[in-house]
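J.: Listed below, chain by chain, are the residues.
Number of protein chains: 2
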Amino acid sequence: MTESIASEVRALTFDVFGTVVDWRSSVIREGQQLGDAKGLNIDWARFADEWRGGYAPAMDRVRQGELPWTRLDELHRMTLDRLLDDHGLADCLDETEKDHLNRVWHRLTPWPDSAEGLSKLKQRYVLATLSNGNVSLLVNMARHAGLPWDCVLSSELAGHYKRDPEVYQMAMRLLDLKPSQVMMVAAHQDDLQAAYRQGMRTAFIKRPLEHGPDATPDLSIDPRFDFVAEDITDLARQLL
Amino acid sequence: MTESIASEVRALTFDVFGTVVDWRSSVIREGQQLGDAKGLNIDWARFADEWRGGYAPAMDRVRQGELPWTRLDELHRMTLDRLLDDHGLADCLDETEKDHLNRVWHRLTPWPDSAEGLSKLKQRYVLATLSNGNVSLLVNMARHAGLPWDCVLSSELAGHYKRDPEVYQMAMRLLDLKPSQVMMVAAHQDDLQAAYRQGMRTAFIKRPLEHGPDATPDLSIDPRFDFVAEDITDLARQLL
Numbered sequence: 001m002t003e004s005i006a007s008e009v010r011a012l013t014f015d016v017f018g019t020v021v022d023w024r025s026s027v028i029r030e031g032q033q034l035g036d037a038k039g040l041n042i043d044w045a046r047f048a049d050e051w052r053g054g055y056a057p058a059m060d061r062v063r064q065g066e067l068p069w070t071r072l073d074e075l076h077r078m079t080l081d082r083l084l085d086d087h088g089l090a091d092c093l094d095e096t097e098k099d100h101l102n103r104v105w106h107r108l109t110p111w112p113d114s115a116e117g118l119s120k121l122k123q124r125y126v127l128a129t130l131s132n133g134n135v136s137l138l139v140n141m142a143r144h145a146g147l148p149w150d151c152v153l154s155s156e157l158a159g160h161y162k163r164d165p166e167v168y169q170m171a172m173r174l175l176d177l178k179p180s181q182v183m184m185v186a187a188h189q190d191d192l193q194a195a196y197r198q199g200m201r202t203a204f205i206k207r208p209l210e211h212g213p214d215a216t217p218d219l220s221i222d223p224r225f226d227f228v229a230e231d232i233t234d235l236a237r238q239l240l
Numbered sequence: 001m002t003e004s005i006a007s008e009v010r011a012l013t014f015d016v017f018g019t020v021v022d023w024r025s026s027v028i029r030e031g032q033q034l035g036d037a038k039g040l041n042i043d044w045a046r047f048a049d050e051w052r053g054g055y056a057p058a059m060d061r062v063r064q065g066e067l068p069w070t071r072l073d074e075l076h077r078m079t080l081d082r083l084l085d086d087h088g089l090a091d092c093l094d095e096t097e098k099d100h101l102n103r104v105w106h107r108l109t110p111w112p113d114s115a116e117g118l119s120k121l122k123q124r125y126v127l128a129t130l131s132n133g134n135v136s137l138l139v140n141m142a143r144h145a146g147l148p149w150d151c152v153l154s155s156e157l158a159g160h161y162k163r164d165p166e167v168y169q170m171a172m173r174l175l176d177l178k179p180s181q182v183m184m185v186a187a188h189q190d191d192l193q194a195a196y197r198q199g200m201r202t203a204f205i206k207r208p209l210e211h212g213p214d215a216t217p218d219l220s221i222d223p224r225f226d227f228v229a230e231d232i233t234d235l236a237r238q239l240l
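If you read the protein sequences in the order shown, they are chains Z and R. Here the first sequence stands for residues 1 to 240, where the numbers follow full-length UniProt numbering. Here the second sequence stands for residues 1 to 240, where the numbers follow full-length UniProt numbering.
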């Protein structure tokens, strides 16, 4: 059964934040470097979690029409400005430094298996991002992290954020493939469930450390997922 | 002057048909193979030229609202069906063969310098397509021809065909760059002139053989172009 799925699928669409790159460690590391350079006393793990915590509420403001379509870079910046205020840091960084810090999301580090696993999968499948990151963010990240995408697809191209169905429909339309020929790959159950509702195939990647060593993410498996993998190289082993 | 332009530019956007790939030889070669296999007596050079000749009128039908937005794959197919009729071949090919022939545009061969030149340019610049080819066509072509794009941008994402200004504006918006940070690279003067009118930088690539050995293309240089190159490796020499 899984073999016939693997041979019908033509393209893999990847969630990126958390699934392909380790956003939390990357933000903490760059934050600590900045803090050391500027003599700031900040708990950067907490800062990273609060920054990421602003992500879903900010997208909801777009989804509910409270904001017009707004790129993730701008949503990140709105949250960053609020956090800098909350932490009493708004005056410690100039505009260039704030902009550079905001673009840490362009410089995230992949999980150790990502580049190798993607390179293997690329031999057989079209590889596309399908991320809420804006196109320029994803392009810069791919160059920085060595991620060999065939195609950068983004919520920006749909004018909708995941998990809105328009995002998955846009990917299938642009790739010119049927739902059963496209597999969504993600570490997040709700992303896969939304893809499933559009008829797409699904592969769940376990990323127990996405939210840090102390978090206890839900790694229970929805039986509707077509594949469950320990990481991206494991997915390549199962699909190739 | 050219040095300061080269250092301000961040991304190169490429026309593809004729500039990066040699559509004419590729269509002739595949046509001849098909003709030999099926025992068809066709002048494939003329067929290729007629097929390409249907391209601008078909896009004009979209531009003028006579057709709704229609992907290049579909425009190619409309022209192909007419040509097959004209040549008395409509009944010689079944639907699978026609579809395969139509997708020859996904399998075009690059000019000899393209892959090497792009790989060099990629070290310093973001490389994107900016083509009237649809996304899936460009993705399949890149995999087939080994073209190392960072990002596949297409008229399909703007819902307008070049040389409409919306296409160039879409590229700058998605790359999140100012006009002076993006350089259009093309073998066609009107494409570069349209990019110039949007404030973009321009590089002209000479492709004297695009329309075959007997054609006499206009290779006179518009003095507004920022760079003029013999081919893509030559452009890399000038920019790096």
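FYI, nobody ran anything at the bench for these hints, they're computed from the structure. Hints may contain errors.
One copy or any two copies: either way a pair holds, since identical chains are not told apart in the list.
Calculated pairs, DSSO-like style, for lysine-lysine (alpha carbon to alpha carbon, straight line, at most 30 Å) [as the list claims (entries may be wrong)]: (1) Lys-98 - Lys-206; (2) Lys-120 - Lys-38; (3) Lys-38 - Lys-122; (4) Lys-120 - Lys-98; (5) Lys-38 - Lys-206; (6) Lys-98 - Lys-38; (7) Lys-98 - Lys-122; (8) Lys-206 - Lys-178; (9) Lys-122 - Lys-178.
J.: Hint by hint, note whether the structure agrees.
T.: Results of checking the hints against the structure:
Taking the closest pair of Cα atoms, Lys-98 and Lys-206 never come within 30 Å of each other, the shortest separation being 33 Å inside a single copy and 44 Å across copies. Taking the shortest Cα distances, Lys-120 and Lys-38 never come within 30 Å of each other, neither inside one copy (42 Å) nor across copies (37 Å). Proximity of Lys-38 and Lys-122 under a CA criterion of 30 Å is satisfied in neither setting, with 42 Å inside one chain copy and 34 Å between copies. Taking identical chains as interchangeable, the C-alpha atoms of Lys-120 and Lys-98 are never at most 30 Å apart, the minima being 37 Å within one chain and 32 Å between chains.
Taking the shortest alpha-carbon separations for Lys-38 and Lys-206, neither the intra-copy value of 36 Å nor the inter-copy value of 51 Å comes in at or below 30 Å. Proximity of Lys-98 to Lys-38 under the C-alpha cut-off of 30 Å is restricted to the intra-copy arrangement: shortest distance 12 Å within a copy versus 65 Å between copies. In the homo-oligomer, the alpha carbons of Lys-98 and Lys-122 lie at most 30 Å apart only across protomers (28 Å), although the nearest pairing inside one protomer, at 36 Å, exceeds that limit. Proximity of Lys-206 and Lys-178 under a CA criterion of 30 Å is satisfied intra-copy only: 26 Å inside one chain copy versus 39 Å between copies.
In this assembly of identical chains, the alpha carbons of Lys-122 and Lys-178 lie at most 30 Å apart only when taken from the same copy (19 Å versus 32 Å across copies).
This entry does not satisfy hints 1, 2, 3, 4 and 5, going by the numbered hints stated previously.
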